[in-house]
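With the hints as extra help, turn the sequences into a complete structure.
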Amino acid sequence: MTPATAAPATLQIRDVVKDFGGGSVAVNHVSLDIHKGEIFALLGSSGCGKTTLLRMLAGFEIPTQGSILLDGQDLAGLPPYLRPINMMFQSYALFPHLTVWDNIAFGLKRDGMPKERIAERVEAMLKLVQLPKYAKRKPHQLSGGQQQRVALARSLAKRPQLMLLDEPLGALDKKLREETQIELVNIIHEVGVTCVMVTHDQEEAMTMATRIAVMSEGKILQVGAPAEIYETPATRFVADFIGNVNMMEGTVAVDEPDMVEIDCGYCRHRVGHGITGTVGMEVSVALRPEKIRLSRTKPEGQVNQVQGTVRDRSYFGSFTVYNLELAGGRRLKVSESNVERHREDAPAEGQVAWATWPDTAQVVLTQ
Amino acid sequence: MSVRNLLLGSGATRAFARGWLVAGFVFLYLPIVALVIYSFNASLMPVVWGGFSLRWYGELAHDQELLQGLWLSLRIAFYSASGSVVLGTLAAFTLVKYRRFLGRTIFTGMVNAPLVMPEVIIGLSLLLMLVMMQRWLGFPERGLLTIWMGHLLLGLSYATVVVQARLQDLNPELEEAATDLGARPIQVFVLVTLPLILNSLVSAFLLTFTLSLDDVVLSAFLSGPGATTMPLVIFSRARLGMRPDINAAATIIIGVVSVGVVAGSLFIFRAERRRAAEMAAAQRA
Ligand SMILES: Nc1ncnc2c1ncn2[C@@H]1O[C@H](COP(=O)(O)OP(=O)(O)OP(=O)(O)O)[C@@H](O)[C@H]1O
Ligand SMILES: [Mg+2]
Numbered sequence: 008m009t010p011a012t013a014a015p016a017t018l019q020i021r022d023v024v025k026d027f028g029g030g031s032v033a034v035n036h037v038s039l040d041i042h043k044g045e046i047f048a049l050l051g052s053s054g055c056g057k058t059t060l061l062r063m064l065a066g067f068e069i070p071t072q073g074s075i076l077l078d079g080q081d082l083a084g085l086p087p088y089l090r091p092i093n094m095m096f097q098s099y100a101l102f103p104h105l106t107v108w109d110n111i112a113f114g115l116k117r118d119g120m121p122k123e124r125i126a127e128r129v130e131a132m133l134k135l136v137q138l139p140k141y142a143k144r145k146p147h148q149l150s151g152g153q154q155q156r157v158a159l160a161r162s163l164a165k166r167p168q169l170m171l172l173d174e175p176l177g178a179l180d181k182k183l184r185e186e187t188q189i190e191l192v193n194i195i196h197e198v199g200v201t202c203v204m205v206t207h208d209q210e211e212a213m214t215m216a217t218r219i220a221v222m223s224e225g226k227i228l229q230v231g232a233p234a235e236i237y238e239t240p241a242t243r244f245v246a247d248f249i250g251n252v253n254m255m256e257g258t259v260a261v262d263e264p265d266m267v268e269i270d271c272g273y274c275r276h277r278v279g280h281g282i283t284g285t286v287g288m289e290v291s292v293a294l295r296p297e298k299i300r301l302s303r304t305k306p307e308g309q310v311n312q313v314q315g316t317v318r319d320r321s322y323f324g325s326f327t328v329y330n331l332e333l334a335g336g337r338r339l340k341v342s343e344s345n346v347e348r349h350r351e352d353a354p355a356e357g358q359v360a361w362a363t364w365p366d367t368a369q370v371v372l373t374q
Numbered sequence: 405m406s407v408r409n410l411l412l413g414s415g416a417t418r419a420f421a422r423g424w425l426v427a428g429f430v431f432l433y434l435p436i437v438a439l440v441i442y443s444f445n446a447s448l449m450p451v452v453w454g455g456f457s458l459r460w461y462g463e464l465a466h467d468q469e470l471l472q473g474l475w476l477s478l479r480i481a482f483y484s485a486s487g488s489v490v491l492g493t494l495a496a497f498t499l500v501k502y503r504r505f506l507g508r509t510i511f512t513g514m515v516n517a518p519l520v521m522p523e524v525i526i527g528l529s530l531l532l533m534l535v536m537m538q539r540w541l542g543f544p545e546r547g548l549l550t551i552w553m554g555h556l557l558l559g560l561s562y563a564t565v566v567v568q569a570r571l572q573d574l575n576p577e578l579e580e581a582a583t584d585l586g587a588r589p590i591q592v593f594v595l596v597t598l599p600l601i602l603n604s605l606v607s608a609f610l611l612t613f614t615l616s617l618d619d620v621v622l623s624a625f626l627s628g629p630g631a632t633t634m635p636l637v638i639f640s641r642a643r644l645g646m647r648p649d650i651n652a653a654a655t656i657i658i659g660v661v662s663v664g665v666v667a668g669s670l671f672i673f674r675a676e677r678r679r680a681a682e683m684a685a686a687q688r689a
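Chains as they are written, first to last, in my numbering: chain A, 8 to 374; chain B, 405 to 689.
Hints may be right or wrong, so weigh each one.
Using 20 Å as the maximum straight-line C-alpha spacing, the simulated EDC-like pairs for lysine to aspartate or glutamate come out as follows [stated by the list, open to error]:
1. A:Lys-145 / B:Glu-579
2. A:Lys-340 / A:Glu-297
3. A:Lys-145 / B:Glu-676
4. B:Lys-501 / B:Glu-580
5. A:Lys-298 / A:Glu-343
6. A:Lys-145 / B:Glu-682
7. A:Lys-116 / A:Glu-127
8. B:Lys-501 / A:Glu-68
9. A:Lys-116 / B:Glu-580
10. A:Lys-181 / A:Glu-210
11. A:Lys-134 / A:Glu-186
12. A:Lys-298 / A:Glu-256
13. A:Lys-143 / B:Glu-682
14. A:Lys-145 / B:Glu-577
15. A:Lys-140 / B:Glu-682
16. A:Lys-116 / B:Glu-579
Bear in mind the hints are in silico, worked out from the structure with no lab data behind them.
Written as structure tokens, this is what we have:
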């Protein structure tokens, strides 16, 4: 689903294939439309072809097949140094022999911009990333976070029509990473540049991106806004890849106009939202741990419920994760947010508890 | 057991280790020390001490043959080091950047061959080639040019190895970043690659310069009348008997080289310490 805009997408990727030879195809028939001002994330596990796709946009790899259009112009045959696209590299790739100032000015000088305008633009960029005091330093005299901001400033300095970010925060430690995510998004929005970023960190993609494409083995599995991907994954792989999920295999037992019932053997699901299926059809039910409630007494009037024994309980501060053992040794993950400071009736390890969930909580998957 | 442990070990082990260390140093440096001492010998006889004198240093200043040899050697060393660095850089660049091209294997072999080929054989084959060229083309006359060609051949291989090693651990994203920011291939090379491999170019220059300066074998094959390099002069004189003036010349060379090496190491050491301090400061900030 794309935002409702009449204008054609800024970046159009049309059926792009990259085959390095040797049997595996790094990017396999990928088509994407990316709109102006979007922060678009390519999300996928290691080796799924994210970097390869990004490098084809930058011009470092030539697609085996397919075309890439930027503002309607076909980029084929245009070398990287002529593309109005700038990339922020995973290693930052700051020139170690140049000062911060000269690093940022590098691209502007190549364009033959007059000296005063270069100075103006570099100052503005330094201010944007809050590093005016560091202009005279060399990259090795900066901390990791500062280097990251210089790299950002350098790739924004030429006001590219498209900015590419390969694991922009990959080299930072966890805490700095979380702080920087928001800051990075703010800067990108301030400049208004269209971005394609690559990450294998789903939280990072969720926090930063307006839309996410989930990739696996060179293929795009699903494209959508973060909430869409999370709440309505299209396939088992996506449901599994994004966040935690309880996956249950079953068959459709009852199909009525306003609900279906799915029998998973140890547990029966009533799904109330608009789906239909033929009785006997094999499906998977995906259920997120945080949509499940636990109680120590058998709840009344709940259709979706299952009994189990608490096998372990992990406290994470804002929430607690329970691992429930169901009949037949199956496991169910339940995540409860800790609204009260000391919940009286919280099930302890070894105790029997009932898990319940509303009939809108499940996602039924056929692929 | 590490060397440190060995040296710090107790009693007998320690004395034994120390003894070996001293023996090693004596073996390495005694000849040089003897040479330096005898360069101040007043006597003409190489093994008889006739008192302290600067006589041979004085004579050196009037030794036209040796001075001309030195001047020729310096020029050849400079030309061959310059040529080796330029060609070696191009060869290294090609080998690192272009993983596949027609004749790559042959090219790699040709570049590396002089490293393993005995110098005598290189010299002999070059001489044969020159003699034939002389016969058919009347060119080139043996002298500076031919010695330079021989030294270039050898220096090129060494320079390629040194520069190739540096190019290989250069982060390829640096050159891509430059390209991405609008630099054309030649600008990428001049503005990014070259400054980053500058250290290795200097090393390659110094290495090939020394290599050429003290080469005897190739020079002997390729020199002609009137083109005698300093090592050839020294070598031919030593065959006629040890003379103290040669010791004096050698002492000067040792002095110059030592000062150069010490100054260079100090400079590098200081630069690295400063860099480490700056990086530590950046991480604390
Ligand atoms: N230059 C190349 N030559 C041959 N195969 C390559 C080349 N570059 C990438 N590949 C292959 O293409 C596939 C995709 O690689 P890519 O670097 O795009 O993965 P990625 O999604 O960025 O992974 P990661 O998260 O680990 O960075 C891998 O199987 C890789 O081995
Ligand atoms: Mg990658």
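Quiz item: Quick check: which numbered hints come out false for this structure?
Solution: none
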